[in-house]
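Asks: Sequences listed follow chains A and B, in order.
Under the UniProt record's numbering, the first residue of the first sequence carries the number 1, and numbering increases by one thereafter.
Under the UniProt record's numbering, the first residue of the second sequence carries the number 1, and numbering increases by one thereafter.
Any given hint might turn out to be false.
Any copy, or any two copies together, can satisfy a pair, since identical chains are not distinguished.
[Unchecked claim] Here are the simulated DSS-like pairs of lysine-lysine, each with C-alpha atoms no more than 27 Å apart in a straight line: (1) 302 x 280; (2) 281 x 302; (3) 302 x 292; (4) 302 x 254; (5) 68 x 156; (6) 92 x 2; (7) 107 x 179; (8) 2 x 68; (9) 102 x 68.
Don't read these hints as lab results, they were simulated from the structure.
2 protein chains.
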Amino acid sequence: MKKVVKFGGSSLASAEQFEKVGKIIRADESRRYVVPSAPGKRFSEDTKVTDLLYACYEAADDEGKFQKILEEIKARYQQIIDGLQISLSLEKEFEEVKENFKNQIGKEYAASRGEYLNGKIMAAYLGYEFVDPAEIIRFDGNGQFDAGITELLVAKKLNNIERAVVPGFYGAKENGEIKTFSRGGSDITGSILAGALDVDLYENWTDVSGVMVTDPRIIPNPKSIDTITYRELRELSYMGATVLHEDAIFPVRKAGIPINIKNTNEPEAEGTMIVEDTCKKPLYTITGIAGKKGFCSLFIEKSMMNAEIGFGRKVLQVLEEQGISFEHIPSGIDTMTVFIHQDEFAEKEQQVIAGVHRTVNPDYMELESDLALIAVVGRGMRSNRGTAARIFAALAHADVNVKMIDQGSSELNIIVGVKNEDFEVAIKALYDIFVETQI
Amino acid sequence: MKKVVKFGGSSLASAEQFEKVGKIIRADESRRYVVPSAPGKRFSEDTKVTDLLYACYEAADDEGKFQKILEEIKARYQQIIDGLQISLSLEKEFEEVKENFKNQIGKEYAASRGEYLNGKIMAAYLGYEFVDPAEIIRFDGNGQFDAGITELLVAKKLNNIERAVVPGFYGAKENGEIKTFSRGGSDITGSILAGALDVDLYENWTDVSGVMVTDPRIIPNPKSIDTITYRELRELSYMGATVLHEDAIFPVRKAGIPINIKNTNEPEAEGTMIVEDTCKKPLYTITGIAGKKGFCSLFIEKSMMNAEIGFGRKVLQVLEEQGISFEHIPSGIDTMTVFIHQDEFAEKEQQVIAGVHRTVNPDYMELESDLALIAVVGRGMRSNRGTAARIFAALAHADVNVKMIDQGSSELNIIVGVKNEDFEVAIKALYDIFVETQI
Numbered sequence: 001m002k003k004v005v006k007f008g009g010s011s012l013a014s015a016e017q018f019e020k021v022g023k024i025i026r027a028d029e030s031r032r033y034v035v036p037s038a039p040g041k042r043f044s045e046d047t048k049v050t051d052l053l054y055a056c057y058e059a060a061d062d063e064g065k066f067q068k069i070l071e072e073i074k075a076r077y078q079q080i081i082d083g084l085q086i087s088l089s090l091e092k093e094f095e096e097v098k099e100n101f102k103n104q105i106g107k108e109y110a111a112s113r114g115e116y117l118n119g120k121i122m123a124a125y126l127g128y129e130f131v132d133p134a135e136i137i138r139f140d141g142n143g144q145f146d147a148g149i150t151e152l153l154v155a156k157k158l159n160n161i162e163r164a165v166v167p168g169f170y171g172a173k174e175n176g177e178i179k180t181f182s183r184g185g186s187d188i189t190g191s192i193l194a195g196a197l198d199v200d201l202y203e204n205w206t207d208v209s210g211v212m213v214t215d216p217r218i219i220p221n222p223k224s225i226d227t228i229t230y231r232e233l234r235e236l237s238y239m240g241a242t243v244l245h246e247d248a249i250f251p252v253r254k255a256g257i258p259i260n261i262k263n264t265n266e267p268e269a270e271g272t273m274i275v276e277d278t279c280k281k282p283l284y285t286i287t288g289i290a291g292k293k294g295f296c297s298l299f300i301e302k303s304m305m306n307a308e309i310g311f312g313r314k315v316l317q318v319l320e321e322q323g324i325s326f327e328h329i330p331s332g333i334d335t336m337t338v339f340i341h342q343d344e345f346a347e348k349e350q351q352v353i354a355g356v357h358r359t360v361n362p363d364y365m366e367l368e369s370d371l372a373l374i375a376v377v378g379r380g381m382r383s384n385r386g387t388a389a390r391i392f393a394a395l396a397h398a399d400v401n402v403k404m405i406d407q408g409s410s411e412l413n414i415i416v417g418v419k420n421e422d423f424e425v426a427i428k429a430l431y432d433i434f435v436e437t438q439i
Numbered sequence: 001m002k003k004v005v006k007f008g009g010s011s012l013a014s015a016e017q018f019e020k021v022g023k024i025i026r027a028d029e030s031r032r033y034v035v036p037s038a039p040g041k042r043f044s045e046d047t048k049v050t051d052l053l054y055a056c057y058e059a060a061d062d063e064g065k066f067q068k069i070l071e072e073i074k075a076r077y078q079q080i081i082d083g084l085q086i087s088l089s090l091e092k093e094f095e096e097v098k099e100n101f102k103n104q105i106g107k108e109y110a111a112s113r114g115e116y117l118n119g120k121i122m123a124a125y126l127g128y129e130f131v132d133p134a135e136i137i138r139f140d141g142n143g144q145f146d147a148g149i150t151e152l153l154v155a156k157k158l159n160n161i162e163r164a165v166v167p168g169f170y171g172a173k174e175n176g177e178i179k180t181f182s183r184g185g186s187d188i189t190g191s192i193l194a195g196a197l198d199v200d201l202y203e204n205w206t207d208v209s210g211v212m213v214t215d216p217r218i219i220p221n222p223k224s225i226d227t228i229t230y231r232e233l234r235e236l237s238y239m240g241a242t243v244l245h246e247d248a249i250f251p252v253r254k255a256g257i258p259i260n261i262k263n264t265n266e267p268e269a270e271g272t273m274i275v276e277d278t279c280k281k282p283l284y285t286i287t288g289i290a291g292k293k294g295f296c297s298l299f300i301e302k303s304m305m306n307a308e309i310g311f312g313r314k315v316l317q318v319l320e321e322q323g324i325s326f327e328h329i330p331s332g333i334d335t336m337t338v339f340i341h342q343d344e345f346a347e348k349e350q351q352v353i354a355g356v357h358r359t360v361n362p363d364y365m366e367l368e369s370d371l372a373l374i375a376v377v378g379r380g381m382r383s384n385r386g387t388a389a390r391i392f393a394a395l396a397h398a399d400v401n402v403k404m405i406d407q408g409s410s411e412l413n414i415i416v417g418v419k420n421e422d423f424e425v426a427i428k429a430l431y432d433i434f435v436e437t438q439i
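Only chain A is shown next, with the shape it has when bound in the complex (with noise of 0.2 Å):
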């Protein structure tokens, strides 16, 4: 049994949160392949230590202010390592830091040395070999991930290592330059280590008890998921649920492996299991709900335009060329409703209008905007006959007007257009009656 195990910046924020880790890691010999983050927040207005890095890198002209920023991310690293009681003197890399920064390496660099100058003190700490991801996450000429030569490399080199820490967020191109995935990208190489050493399980150490069954912005406190699909993870992360980065899901997804959400604060908590598929039933009917705000509706409406083969394409070919993507279309008899990202569409709007008019002729358009989508995911649903009566009686209950409702065959998902205005209302009527309620 051999697991990848990555944590979180808030997890590896100071020494006290690198003990708790050290413990975890500890409690479970299978736990070999550590990837760590930058350390995070230690209290809601701290500042990262990324973001420092960034701040440094800015300032390589200005002296002054760049030592006063370079001071503060030593001391950052100082107090871990003292904290952790272990001898380990990082200044010959803070020393090639500085002079990379000088001599401007880059901005990708810059960001990276958080994850690298944590897994040093990580691997000190543990007993555990360092390995640099530059050396084994690859990217092309293009700074596009290689995920081929990736996995090839990861394996070769990590396969003869027992215990390894491997930071997160960064790999280089041939040529050694350093390239970083998006924000967040930690996520990503601890799926790429999973699905390149074919471990059992890919845990992703956080600051939650897992993936909740909605925004604890809206909820306070919601409750968190047991069990849930990729595919379901992917609708709510899609409707605005933030719990990993959306590129992390493809490598364990492609190799089968299922990703374990936990909570460093709180490690006995079984936290959420992100499964390909299971026999297992969600909790509430529901797995979990997820909105965004800021869509735009544009209502159409011809005469007979049931009976015009090409009517939708030549409405869709209008967004197309404006660049705009649609999320739903909901139709009538002889009218067609398009749902848009507002600010995709705000700049274009009259374009598209116009468009419009002049390809299909419609009788009738009307623009609506500030509106909210909201998608009830579940695979709970399908066997579950009453869960739309359900999240209409519930809403109409909240006195939420429904401005559009879309479910296809899947039967995983209902997605229901409402109100900005109504966003959280409805959200909290829909958690309130599959949640806490259970009617």
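Position chain B against the provided structure of chain A, taking the given hints into account.
Replies: Structure of chain B alone, referenced to chain A:
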């Protein structure tokens, strides 16, 4: 005040029915323009005169058969004349019909004689002037109805006639060749006259007390609708409700003239008013329920579909290239489902599947056949927030599996997809909750 009154075939099938019609017309002197159909069925196994005419025309070369059918037709009319005790001979007209049938003057001419002869009787019975629509309803050289010229001809002729009978269903080209509308086309004649003469009301007399809330073949004696908008009617008609010939809407709607559907056998009933718009609340939240069987769905799944601009357009383009129109395209996250008429799709399904594969390379596709679509239609739904909840509660209670839900911004209808086998049960459940129990 002036009205156009059109009577359907069952209202004119016998002398007894003619007498009811006479009483109706004489009861209101504004009923100045009368459009009769051909005599319909007197009992359920009876044959409509129009069908006898077709059969007679087809038998022109078979003297014995021809003569037999012609006598049958003559007898039908003579029975009406005798029953009404009017002195009218159609001898001359039948001689002309016989000659023209022998000369194979045209099938549409043959069909039109049902209305022509019935109009002769009606004019004599009422003491109204007979006007042959061949003079005033004009088709162009390609056999297409010419609305512009017809309007002028109708106004010129009928504005000088106080009371007239104008047979329905047919007109003529400029050269005199008789052309008919499609079956049920007397509705259109009435509508054209109403529009051209700018009357106050178009009364359409039939054998039901107006437009029914739902299909009487599924719900015995359903309630009738007191007031319906043109748009609601269009939606119900599109989804299978049979009330008026579809082309009968446009001429009166354009002129802003309401239609009153009335029952010849129950003339005191208010019937259904079909209007452009109304503040009148519908009796049952919903206005009507209609549906059709025989759809299939093509479910398409592709990872990251939502981020792929042009995905939906490409799928619709494949359908368009095969000449297939879609009904609905509900979409989830990374999934879309296209609902199509099964009979249109059947012979082209493999081309469509191949085309979709080629153009968008989906991860997964699935066809499901034998689906039905049900539209719950009503202007009252906009102001009744619980409507969706009631729909899905009723369906869940009836154990109906909902395969699709579609509601766009018009909020005038919700369209639900179910299995063919659940179709009647679903309609019953919806009728029950909205009309019978009104929970």
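Asks: Look at each hint and say if it fits the structure.
Replies: We went through each hint and held it up to the structure:
1. 302 x 280: between (47 Å within a copy, 25 Å between copies)
2. 281 x 302: between (45 Å within a copy, 25 Å between copies)
3. 302 x 292: Cα proximity of residue 302 and residue 292: across copies only (22 Å, versus 30 Å in one copy).
4. 302 x 254: between (45 Å within a copy, 15 Å between copies)
5. 68 x 156: Neither. Shortest intra-copy (41 Å) and inter-copy (96 Å) distances fail the 27 Å Cα cut-off.
6. 92 x 2: neither (33 Å within a copy, 102 Å between copies)
7. 107 x 179: within (9 Å within a copy, 80 Å between copies)
8. 2 x 68: neither (42 Å within a copy, 94 Å between copies)
9. 102 x 68: For residue 102 and residue 68, only the intra-copy Cα distance (14 Å) is at most 27 Å; the inter-copy one is 110 Å.
Checked against the numbered hints given earlier, the structure breaks hints 5, 6 and 8 and satisfies all the rest.
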